[in-house]
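Peer 1: Put together the whole structure using the sequences plus the hints.
Just so you know, the sequences run in chain order L and D.
Just so we're aligned: 208 in our numbering is position 209 of the first sequence, and the numbers increase by one with no gaps anywhere.
Numbering-wise, our numbering comes out as the position in the second sequence, counting from 1, plus 539.
FYI, nobody ran anything at the bench for these hints, they're computed from the structure.
Be careful, since some hints might not be right.
[To be verified] Pair ranges (Cβ atoms, derived):
#1 D:R695 / L:I44: 49 to 59 Å
#2 D:H546 / L:L48: 36 to 46 Å
#3 D:E588 / L:S1: 31 to 41 Å
#4 L:R5 / D:D541: 40 to 50 Å
#5 L:S4 / D:A639: 13 to 23 Å
#6 L:R34 / D:R592: 18 to 28 Å
#7 L:T105 / D:R613: 46 to 56 Å
#8 D:R689 / L:T155: 23 to 33 Å
#9 D:Q706 / L:A43: 56 to 66 Å
#10 D:Q706 / L:I36: 48 to 58 Å
[To be verified] Derived list of chain L stretches under chain D, where covered just means 3 residues or more per stretch with a C-beta under 8 Å from a C-beta of chain D:
#11 9-19
#12 29-42
Virtual Cβ for every residue (Gly too), placed ideally from N, Cα, C.
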Amino acid sequence: MSETSRQLRDLLEAAVGEPPRTVTVQAVRRRVTRRRIIESMAAAIVAVLVAGLGVAVAVRASGSGQASGPRPPAGVPRYYVEQGFRNTPPAVTVIRATATGAVTATVHCPARGASILGSGIAAASHRTFFLVCEEQTGPRNDPQVTGSRIYRFHLTATGRIARYTLMPGGSLDGLSVREVTASADGAEVAVTTSPAGPVNSSVSPNIMVINTRTGTRALWHGSPAVPGKMALSAGEPSLTADGRELVYLATPRCIRGHCQPTGNGQEVRALSPAAAGGQLSSSRLLARQSALVPLASGYLDGALVSANGSSVFVLEMNSPPRGGSTTVSVVKVSAATGRPLRVVYRVPTGNGFSFRFFSADPFRRYLLLDAGPPSGAMPNGWIYHRHLLPLSPRDGTNVFYETW
Amino acid sequence: MDAEVEHFAHFVEARERALQRTAWLLTGDWALAEDLVQTALARSWPRWERIRRRDDPELYVRRVMVNTWSTWSRRRWRGERASAAVPDSPAPGDLAGELAARLAVRSALGSLTHRQRAVLVLRVFDDLPESQVAQVMNCAVGTVKSTMARALAKLREDPRLAELMEQEAR
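Peer 2: So, in structure tokens, the structure goes:
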């Protein structure tokens, strides 16, 4: 040790002096006991907190405690919109978690006095939704629609509604919207429209395609009403993922007077490019009803174009004339040939059927269906490998519409 | 088990004052020093059976002590505790001189980093060989040497300490 170190040591010795108290074994052992108690208490507190957190998460996830079965596969939308019947209180539109059925938010129209259109919600990717609100006047039991507004809202990761914004081009004064659809990228929204006011059966609906960024509108005019002649009425519009093509279900309708049936049945038709506008009669025929179900006993109740436009998912109802069971089928139809490619889902419903809605996610990977026997519970769920996995509520009798 | 308890009791009885003195040089406060020693012993006790089999249990306790003090030093809140008794007891002789020396040493040690302070106390005051200091500090012997050199260089810059060391030399 150097001299400096020796001097320093002496100095430290002198500075330290003697400890004023003695550390005893008893004091150390008391401290050991105290440490053990504190450690076990801390462990207990942590365990309680973890258990509490787990319960809170479980309760939060399960909402009212309803569980709709096992966890859905990866890729399935985490939330869906469920719209109840308007005349069945409480007539509410809610967001539900797919996994648990828990309600995470309630959808409402931002403007006072407006109400959500039945089936008036369309889904785009990234948990974006478009909401159609009807502005009404007159008595509550017989309101008259004066115009429509289309709003956009996003869902947060926890299924809450971030905020509503009026979509550019979404103020449709004097128009009543019947149906709405959106492209997966959310750039285009298409609505079937008719003039606001009392329902006029002599008017065929138009299809309006709106660019959601610029508000630019393109109108596809319906067939003019000719008394005594069958006209094709456009409904069930759906857009491809990029919004370039619009597919709709054209149903022959006698608009006025007595019409001679044409015998052609319903048609699945396409408008391309969707944003061009023009006459609906200029649309391209994709598939005929007669190629899918017998005209005498079958009916098409829905059509959804696939994301890339190569096929169409068609919902068929077929009731054999000689007492066989009615079947409800979702069939994938080639857009090129109009022929069925495969049956996606089929269920016998007995003597007749009940139907509420047929919809899908923005990329048409997961199809939602609420259809079943004419009486009793109506299965509400989504199609997965030819099976219907239930959604909450399992009985879809009081569900008007769902989308995700 | 009884042998273990007995060994631990003997160790505490024999070494607690030396440990407290080292702890005072680390903390600069008797209450904290006592707390540090108790904590180090309490942490060592559950493993005493293994510790006593070693050649030098004290080295292990010192290591726990230095680590504990290092942890306390890193805390924003130092866990200050009220003490029932006044830690400094009256002393005979040159009280003012002793107090001045103590304050100077404490101030000089306070200017060092925690690592420098620990190395200096272990090497100079506890007179541990560099290899054992390295063991306690969990570092290489070369690191002990360089840290020690830096600590001494820093202390030499302290005029009050330099003056005290000159007086000590005379």
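Peer 1: Enumerate the violated hints, using their earlier numbering and listing them in ascending order.
Peer 2: 8
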